[in-house]
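**Student:** Sequence:
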Amino acid sequence: MLLWFICSWPGARSTTIRAGAAFFVYHCTQCRCHTCRKSRNGDWRFNGHGHRQGCVFKTKGPFMHVLKAIFLSAALVSGAPAWAGDTKVVVELFTSQGCSSCPPADALMERLAKKDHVIALALHVDYWDYIGWKDIFADPAYTARQKAYAHVAGRNMVYTPQMIVNGTDQVVGARAMELADLIVAHAGVAPRAQVMAKRDGDMLRVGVLPLGDGLDGKYLLQLVRYSDQHTVDITSGENAGRTISYFHVVDGWETIGDWDGRTPKTVEVQIVGDRPAVVLVQQDGPGPIVAAAEID
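All residue numbers for the sequence shown refer to the numbering used here, where the first residue is 1 and numbers rise by one.
Quick caveat, the hints were computed from the structure, so don't treat them as lab data. We put the beta carbon where it would ideally sit given N, CA and C, even for glycine. Hints are supplied without guarantee of correctness; some may be wrong.
To be verified - Simulated crosslink set (DSBU-like; lysine-lysine; CA at most 35 Å straight-line):
1) Lys265 / Lys114
2) Lys134 / Lys265
3) Lys134 / Lys115
As the list claims (entries may be wrong) - Derived Cβ-Cβ restraints for the label pairs, each shown as a range:
4) Gly154 / Ala240: 35 to 43 Å
5) Thr263 / Ala187: 20 to 28 Å
6) Ala190 / Ala144: 25 to 33 Å
7) Gly132 / Gly217: 41 to 49 Å
8) Gly273 / Arg192: 40 to 48 Å
9) Gly201 / Pro104: 37 to 45 Å
10) Gly154 / Glu178: 14 to 22 Å
The whole structure should be built from the sequences, with the hints applied where relevant.
**Tutor:** Now the structure itself:
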């Protein structure tokens, strides 16, 4: 069965892309389309400036407390940092240097990066590269991650700037008050897992431990590397003539192990270079991020 979704709105210019398509792409709160192969013949029209032009969308208990004490003791004896007492809230920003709506969200990342209870990560996507400026930090893997979040949530759309909080809740990236409410809400949830990470030279030891009755499902241990700050002079595209600073720009994301959610586990991996890093424990899917730790 074919369903046709028609969006019509006034706009300046339009571009037609002929290919399969499956995703709306929203430019902040303004609808734009982006192609992703799912059917072989789609004729899409959208505006490169974020103004509505028109598009056709075609879709066909107690033991655990003892165990925790044992792990804590071992960690302290080995000189590793203790388990974090405060819940870390992970905020992922999906952004692009080619998006004129993104600079306010990029600026908000500077404030988030200074929050002790927030792990802020900026993932630059590549689907706006065609409109005049190629994002120097963009990676197709981050576009795929954003689309995976959309798929899990039952949405046929991705947009920039978008923030995902702890792998579950999403908000337009520049809406600081809505984001603050989500961060407070997630910080108030009792953690169901804890993770620690200790670096020794070029080796990283990661330990993860369930709390309470443990968790169901498969979880991934992920090592994320990022750069603290970059400042870029943009000479073309929607942000032409602007100099924009970017914070906590992700430049590496790898899965270093899996976890059953119930059995304490440790893994050791090599870690090279002095770039900042964090470890995330996230349900496969991608799903909720249940624990996170910064690596000193």
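**Student:** Confirm or reject each hint.
**Tutor:** Hints and how they fare:
Annotation: proposed proximity of lysine 265 to lysine 114 holds, straight-line Cα distance about 30 Å (limit 35 Å). Using a Cα cut-off of 35 Å, the hinted pair lysine 134 and lysine 265 is violated, with the two alpha carbons roughly 41 Å apart. Taken as a hint, the lysine 134 and lysine 115 pair is honoured in the structure, with Cα atoms around 30 Å apart against an allowance of 35 Å. A beta carbon spacing of about 36 Å between glycine 154 and alanine 240 agrees with the range 35 to 43 Å that was offered as a hint.
At about 27 Å, the CB distance of threonine 263 to alanine 187 agrees with the hint of 20 to 28 Å. Range check, alanine 190 to alanine 144: about 32 Å between beta-carbon atoms, so the 25 to 33 Å window is met. A beta carbon spacing of about 42 Å between glycine 132 and glycine 217 agrees with the range 41 to 49 Å that was offered as a hint. For glycine 273 and arginine 192, the hinted distance range of 40 to 48 Å is not satisfied, since their beta carbons lie about 32 Å from each other.
At roughly 40 Å, the beta-carbon separation of glycine 201 and proline 104 lies within the given 37 to 45 Å, and the hint holds. Between glycine 154 and glutamate 178 the Cβ separation comes to about 20 Å, which falls inside the hinted range of 14 to 22 Å.
Violated hints, in rising order: 2, 8; the structure is consistent with all others.
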